[in-house]
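Novice: Letter by letter, the chains look like this.
Protein chains: 2
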Amino acid sequence: MAKRKPPPGGLPGTGLLTLRRVAIDTYRENVAYLHRQCEVYRAEGFQALAKVEVTSENGPRILAVLNVVDDEALVAPGELGLSEEALGTLGLDPGAQVRICHAEPPASMDAVRRKIDGERLNADEFLAIARDIAERRYAKMEIAAFLVASGQTGLDRDEIMNLTRAMVAQGERLQWHGDLVADKHCIGGIPGNRTSMLVVPIVAAHGMLIPKTSSRAITSPAGTADTMEVLSCVELPPDRLREIVRQEYGALIWGGTANLAPVDDILISVERPLGIDYPGQMVASILSKKIAAGSTHLVIDIPVGASAKVRHMREAMALRKLFEFVADRLGLFVQVVITDGRQPVGRGIGPVLEARDVMQVLQNDPTAPSDLRQKALRLAGRVIEFDPDVRGGDGFDIARDILDSGRALTKMQDIIEAQGRQEQRFEPGSLVQEVPADRAGVVVAIDNYQMARIARMAGAPMDKGAGVDLLKKLGDQVEKGELLYRIHASFPADFRFASALVESDTGYRVGTADQIPAVFAEF
Amino acid sequence: MAKRKPPPGGLPGTGLLTLRRVAIDTYRENVAYLHRQCEVYRAEGFQALAKVEVTSENGPRILAVLNVVDDEALVAPGELGLSEEALGTLGLDPGAQVRICHAEPPASMDAVRRKIDGERLNADEFLAIARDIAERRYAKMEIAAFLVASGQTGLDRDEIMNLTRAMVAQGERLQWHGDLVADKHCIGGIPGNRTSMLVVPIVAAHGMLIPKTSSRAITSPAGTADTMEVLSCVELPPDRLREIVRQEYGALIWGGTANLAPVDDILISVERPLGIDYPGQMVASILSKKIAAGSTHLVIDIPVGASAKVRHMREAMALRKLFEFVADRLGLFVQVVITDGRQPVGRGIGPVLEARDVMQVLQNDPTAPSDLRQKALRLAGRVIEFDPDVRGGDGFDIARDILDSGRALTKMQDIIEAQGRQEQRFEPGSLVQEVPADRAGVVVAIDNYQMARIARMAGAPMDKGAGVDLLKKLGDQVEKGELLYRIHASFPADFRFASALVESDTGYRVGTADQIPAVFAEF
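Chains as they are written, first to last, in this note's numbering: chain S, -12 to 510; chain P, -12 to 510.
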């Protein structure tokens, strides 16, 4: 079929329209609202086109998806409504005069169409795509087209490298005072896996820079930022963050304010609802964020398990090579660690319960979850071995000494004080459902996906006290009726949600010891 | 990467919300508006999810994309705003009580994800996808994912057949009083190609049923419905249409009211803005609409040319086989005709100018454009040969006799009277720009795409008198400064648009006779 390259930009607009603010949050997509009886609208036949270009005299121009309005109270004929975000991008105030015209798809959509046809894109094309996405020129359906076209089989490793580089080029890039800036990152999917909150104080106590910027949960029951927020403030201005890192060597903050690789956030806002998650995009997403955050040395945790994101060792190995290939070429030193992803880590799932686990480990509480402690020590050890003065293999022992001596706890308290101690006191949700075993035997499977979903339905992460507290883990003996876990919720509706979900599937399977799947992990 | 099949439907909702009408036209996508301070919203953390499920007591349920509102004048806390279309789908009035909950992606998205991974889908899976799309359970980004995944290399011919069948199964299906219901359809892309308005009266005058339902223009400067509307009403209730067809054998109406293969319209609303147009989807789109319209015999016109949708003969042949394969298996008798798509057909581009061409041909006006006449006669001849009583090869002569004798004109007048003569009198736009040749020579190329774009910018099809009137065609001798075509517009802004576009590219190329491309067409 014939494809035509649309001319860059649209054509000059027709009559003037008065800008009006429409208080609708369209989440990372510009939307313009125009009254159906508007002269400009009627003359142009805009209804057929999905997008318009909004231009002002000598000013910037934005693309927006057009919604037609039939209510003058919202937008009158002669007015153009824009959402807060679109107004911000345009940089104009309500009342300003603008024109609109037929918008051609962004020029880089031509490359996306060639990608759909199976062609290989070059560095400049990925740069153009990333720029158009960063400038909000893509509608969500166009982003979906790009993501699907560059899905599982669609990007080779050079293309992934070029995509990563293009994503880094669009946002800010943090600078730190040291040459070695360490970080750790997990590809996700394992509830309760809050090792960052242990690795950061241990590594910082060793004297290495580890300014960790994290996300809030998008589809999981808690992100590191959500959990850290139980203890301290996590939204800090860049200058304050720099001071803290200079003083403490470590920090645990939300990265959302820093405009790091903003293209990544936009892509994620389409990937998650679509439920697509491909290795190439994962690698580009993680590495672009880390490079933008100023990291030079990075440990990546890939959990493998039947209900983890990566289910087979061979898949994990392929993903590892991909991380190494791209990171090496972008000057980021990466160590990939493949870990046990058969079940949740620690006991708590949800911000308050996970923060409790973390503090128990830091306090050397004998009841602290040992799997969380072991995993954090191993990861921290690998990070510490980035230190040229540390002998290969000594990292774990150094990390353990820092933890056992209480220096990690002291460092965590210092970081909390520096970021600003959380004033609100959060407790586990007071509505509790206890979920018992329906038969005697050994716990042979805990479904990561289902446990995350139960915690989420119970209200996590918005309700910090909501979540799931696991009393039994893989290999534990249980009697019939013995408790497997507790659900905590704060609101009756959430509590009913979570109960209804447990009714259909507890997420646990009890059987015989020989049914426990083997560990895939290597360290 | 691990993929999980989401459970069917969402979970039961939480607190009650009062329905409110929001007069925003979101064009074939359900959107729900919820105030940011709404208790239900705050407790649920909906911001992270793109979609919600709206349910009523014992009533239907719909999926909708969630937009968050910060203005109580639009939607207050405790209210749920829905667009007109979403309200209609839900079947409730404003004021009704509803609940909302986290919506899982439609169950059939699982099949879409497998398609993205390169798997082959079966008939049941296409049926489930079509059903979910028809029920507005897909967001536009999900439709984009489906379209891209099933793009150029993604659907084999059995899958195209199953997709077509699934699309037919979703809407209404028209019934006619005869056993042989003829139709003709062009795959599009050639401006001025208004043969349907000649084929229908010729074939109807021969006594064959040809109740033609057409679309309005989506990205072209005129659809058959837009052009017929210059002469008569084209929006008729089904009962009236049936009466007309019983009496006149033919009709030329807009198919949009009949709910024929509604999935096709929804897919098109995403395909067009994305600029993707794949053979498989084209075949499924055209054949599903025709089968739903009750056609039993169909002539398909595939124009081939450098600026047509199909650029090479081998591509046209592959497309022909695809049409034949699917149509045969769905019981539709198809004849594919490959035609000359090197330049626009006739002289006029735009509803009024194209209607003028059509009437000149019907009136046997000696100045009528002969290419339009010839093409219409050939196509009508092929349709007439569906008549078992017509000897193969005689169709063209029968069609010519009907046209030359004035019986086609009489039939057209009868159809116009039956549908209701247009009361408004449309004239070509009074703002005229004449576009001259910049050198002497022979016209060697006329760019279909550029001519359509100029006509569209001049205001077609919304402004019926707007468009382009071609004075020279391929092979014509021109002197320097001699007129190539006239642009007609009614509004100054449109006129400036079109002039600006001509400035950059007139769409014509003047050269020497040997540069005229060869005709690919076969009849």
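Accuracy of the hints is not assured; some may be wrong.
Said to hold, decoys possible - Example chain S residues on the side facing chain P (calculated, C-beta under 10 Å, incomplete):
#	residue
1	T5
2	D104
3	R107
4	P225
5	R227
6	L261
As the list claims (entries may be wrong) - If you want the ones that stay clear, here's a sample from chain S, every Cβ over 12 Å from chain P, calculated:
#	residue
7	G46
8	N54
9	G105
10	G318
11	L396
12	K467
In case anyone wonders, no lab produced these hints; they're calculated from the structure. Source: prediction; values computed, not measured. The C-beta atom is built at its ideal place from N, Cα and C for all residues, glycine as well.
Novice: Now look at each hint and say whether the structure bears it out.
Specialist: Now for the hints, and whether the structure bears them out:
1. T5: Because about 17 Å separates T5(S) from the closest Cβ in chain P, which is outside the 10 Å limit, the hint is violated.
2. D104: holds, 6 Å
3. R107: The hint is violated - R107(S) has no Cβ within 10 Å of chain P, the shortest such distance being about 15 Å.
4. P225: Interface hint status for P225(S): violated (25 Å vs cutoff 10 Å).
5. R227: Hint violated; R227(S) Cβ to chain P Cβ min 26 Å, cut 10 Å.
6. L261: holds, 6 Å
7. G46: holds, 19 Å
8. N54: violated, 5 Å
9. G105: violated, 6 Å
10. G318: holds, 27 Å
11. L396: holds, 31 Å
12. K467: With a cut-off of 12 Å, K467(S) remains clear of chain P, as the shortest Cβ separation is near 27 Å.
Hint violations for this structure: numbers 1, 3, 4, 5, 8 and 9, all remaining hints satisfied.
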